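Engineer: Combine both chains into one complex, guided by the hints.
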Amino acid sequence: MSKGVLVDVTRCVGCGSCVVACKMWNDLKYTKEIPAIGKDARLAAENWTVVNKVEVKKGRKSAWRFVKQQCLHCEEPACASACFSRAIQKTGSGPVVYDAKLCVGCRYCMLACPFNIPKYEWDKTFPRVRKCQMCAGRVEKGETPACVGVCPAGALTYGEREDLIRQAREKINGNSGYIKHIYGEKEAGGTSWLYISDVPFEVLGFRTNVTTRPLPGYSESILRLTPAVGLGWGAVLTGLYVYNRRRNEIAREEKGNNKANKRK
Amino acid sequence: MAVKSNWSFRMTPTRYFLAGLSVLALMLMAYRLVFGLGAATNLNDEWPWGLWIGFDVLTGVALAGGGYSTCLLVHVLRIKKFNSIARSAMLTSLIGYLLVMAGLFMDIGRWFNFWRPFVSWGYHSVLFEVFWCVSLYTMIQLLEFGEVATEKVQKSWHGLFKKIMPVLFIIGIVLPTLHQSSLGSLYVIEVGKLYPLWWSMLLPAFFLMSSFFVGPAMVTVETFLGARAHGHKPDLDVLQSMIKISGYLMAVYLVLKVIDLFYRGAAGLVFRGNLEGNMFLLEMVAGVIIPLIICFTPKLRTSKGGLLAFSVLVVAGVVLNRMNVVFTGMAGSMGGFYFPSLLEWGVSIGLVATGVLVYLFIVENFNILPQQHYSAAPLVREKKAVKHTA
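Which chain is which? The protein sequence lines are A and L, in order.
Take 1 as the starting number for the first sequence in this note's numbering and just add one per residue.
Take 265 as the starting number for the second sequence in this note's numbering and just add one per residue.
Chain L extracted, bound-state conformation (with noise of 0.2 Å):
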């Protein structure tokens, strides 16, 4: 094809990798399409629901909360310090609520019928809630995308989106608002079945705060590995002023936990020695009381060291946390057994490697990380591979 081109995608053998996996699970989605839940997964009646949920979709839409907590800080409150990173965590959100959203079409069970609450309004429902604030959140981040896209294509249209985007930005932030906190509502229910640790009037809030803290050690940890991907320097004065953000959401969650625990009497389980008692102590210790150790010691944040160890973990705090509302604490009142099947490991895999694909070809080829000057050196160095493969 001699068609002049101003795409460039460079593959290298990690990216083969992420293909692979990615082709892969399209072929697993396919199959459980085809054949049903019970025939590619091992949920079953006491587990109704496992990894998709827990993993895809809980998981997910938390750690996609750097979008909205950044968008909250560069465009309403006008932090200009964090510019730089504004775009690269908005398009991170973009692509993770694309995948939560692959990811609970294949956990329904009668996926022809996905559109039906969009008519037949369970208004009762969290989950009505939920579906509602996560579809329309991910078609305004679509349209937030197109200021970034008409810089490249359809350029016509790029006045008009400059136009939108004050409204975007701000139901762009309020429907996240509602639907993270929505999803620790959806526990709420659970009253009785879920261990008293994790279950609380205040899931709303606790799912709330921890989507909004874990926004920055998200982006930072996003920002390392991109950086290492193309071989730039993360800018660190950046992100440790993020993350003193994180830092003092986190301080007040940590003690709006310890008060409820106490209100509700449940504090005493907390050192019982079973497993609910210290997969929580894992949870609280090493997510949330470790970072804020290192978050309040200058020299340990303004290193990259402390910065990336506190980002590692509160992201690591923060997913522990879902699993541990979605499978430690049910396990006790939902009896039988489930451990994921091989599908459902390679369709969660998959689906986390096509999101990585997606976010580097994007930031190739589009205006994402403003002071990086990505169209020079790769795009030589794309051709180059291009006629090697050709």
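So here's chain A without its partners, still in its complex pose (with noise of 0.2 Å):
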């Protein structure tokens, strides 16, 4: 059973609380430089989460859009398979989880997410990836991520991704308001996170071209034929390599035969 969460765009009214229980929970430090609310706020290695302001037209008039972020948690992580040594893993319940002891420090995850979540910490000798684990601990527990259960908006709800793909449908079914697009139902594949809004997805910052299709299969059609491809091409090297030296010594022992016969 995949736990999930459903933002509506439409309820947030991006007082930062989430954020806050973030941080809180989770123990980051807050930085002036890298803000993690407003209009330029982004993600890092102490902002799990940030709670994008976006001026939208609306009609004539222009409005505000506040976007949370934080990672989408993949049903099929392309990090998670990015990563050669399992420090990044799906967990049943639905957490995408980091685990610093695994990491080597390669950073393919971060080349590889589709949303260019993980971010890295930079300032460290031995840096760690870092990007909201979903409160696995609280999920695993039955308690809803630290985020949240703080928002008085109730732009966020957690529960079953089942559930709330329908949820959602039958909201923006109900509400011409809506656009009718539920971002995170197809995206690479489908995320446990997943977000509906009356403002089109791209104009919120979203990458709407991502694929449909899970990323780790795009490897992993490749990586099936390593076996294959190893044992069938040291197959034809052994057979040449015997070939062409037993080649070698018939002609060395007919150069030898001829000479001999030259001399009779």
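These aren't lab readings, by the way, just hints derived from the structure by calculation.
Being a predicted model, the structure only gives us computed values, none of them experimental.
It is possible that part of the hints are untrue.
Listed next, the in silico PhoX-like pairs over lysine-lysine satisfying Cα-Cα at most 20 Å (straight line) [what the hints assert, rightly or not]:
| no. | chain 1 | residue 1 | chain 2 | residue 2 |
| --- | --- | --- | --- | --- |
| 1 | L | Lys-508 | A | Lys-255 |
| 2 | L | Lys-344 | A | Lys-255 |
| 3 | L | Lys-568 | L | Lys-508 |
Structural biologist: So this is what it looks like as structure tokens:
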């Protein structure tokens, strides 16, 4: 049973409670240089979730929309598949979690993520990869992630991913204001976090050209060929090696025979 | 020291300069290991991979491709003509891989944990395959070098090395085939992020083919450089027939690239006049098409200038291709800004300098270029030089 969170962008008031709760629960620092709330907010090693303020055009008037950002916890995460030491794993209950003990620090996960979520502790001698863990410990105990628990506006709904998709569909079909798209239902093969909105997602800064095929499949379709290619190529080379060696020997013997014949 | 030594290494001003660069790089590397990536490099959250991965690792492995391609031609296909360059090509490859390992070690953030993938198997990652193959192949190459080394030291082991060479040759071709292609597969997961002129499911095939055809070009460049350093004449006949092999493979590569671009509907992007399009054109025209013309015009191919132009262009083309994949093609989706720090340049340049010195040392002390008789003349000169400095 995989858990998820549904974010209703229309209900978010941009208060930033979720950011505070995240920082407190995960013991993350505040920095002025990298804000976690507002129009310059961006994810960073100490910002696992941020609330972006986006100015949009609604009809002829301009309006504000607030977009909570964090790891989307893909159903089939590219980061976990890219990790060559199993430091990133998808848990059964939904969260995609990171174990610093196993991490080599190659940063392939940062490159593989279709949403550019994982960040790095560049100022440390032995940096860790940092991203939202969806409060895996709390989820395991049956509690909501810290951010969901404190949202005063009802913008965040926690539950079974299947139920959330059903709820989201009812909402967007029942109200003509919503964009007819659940972001995260299909993106990157589906994500645990889902978004609905009344403003097109690309306007809000979402990457909308993400493939709907799970990303691990791309590399796995190639990796699957490795044993066959390795063994087959090895066999061909061995064959060629033996053949050419024998041919050389025969050539040498014939030369020898010719010389012997001439001497006769 | 009055010990009679059969080792020689004549220091020249150039070699002092290279040694200086190596020592500098060593100090910079120590600084990086102690203070971390953030302090040493300009890498950032938008650009987690930079010069060390792009140049030292991806380009380094490709340019070291001369080892396995020559091994295939000489030891498996037994094309006798190429015997004379086999050892030098495989030595360059070995040194290349050792430098790649050093570069990789510099680039991993938690370097004390470098051994993790050996026990914690992330077998679903392309990097896992690359890691295992590159490590094993470096070991295989060290063993292959054992055959050369035991001609001079530990002579009693020479017979053993001779016996296991066939196995080493074959594993030593299979492994690079796998990881040269896997370096391309690394970027397959960048679907939608890597610019469509470079992203393709055929990336592994393209990386493999280019690492193979750059081999003879790299061998040619090295042979010319080596010839200059040691004052002998390169064997043009051998080189130009090797380059013909490159040429045929490059023709296939070009055709496959074009078909792939049309198949994916990305062909229109080539002539858009944007940075990506122009860099792609530069890579293909200067690095593939012009060399192909040189290669298949006999008058050009057989001339010294033509050979050199072909080789330099092909090497530059492959370097540009890897750089385009790592930087040009990713810039659009990564945003931000990255330019390598002085320390990053220092380490990369210093590693190359170390490689050149090690190559020269081994060539002058082991039987690498059999037709040249080093043992006599340079040794005497070296002794004089030692006296001079002492």
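Engineer: Decide if the proposed pair is consistent with the structure: Lys-568 of chain L and Lys-508 of chain L, CA atoms, cutoff 20 Å inclusive.
Structural biologist: holds, 14 Å
Engineer: Given the hinted pair Lys-508 of chain L and Lys-255 of chain A, is their alpha-carbon gap at most 20 Å?
Structural biologist: violated, 30 Å
Engineer: Compare the distance between the alpha carbons of Lys-344 of chain L and Lys-255 of chain A with 20 Å, and conclude whether the hinted pair is satisfied.
Structural biologist: holds, 16 Å
In this structure, the one hint that does not hold is number 1.
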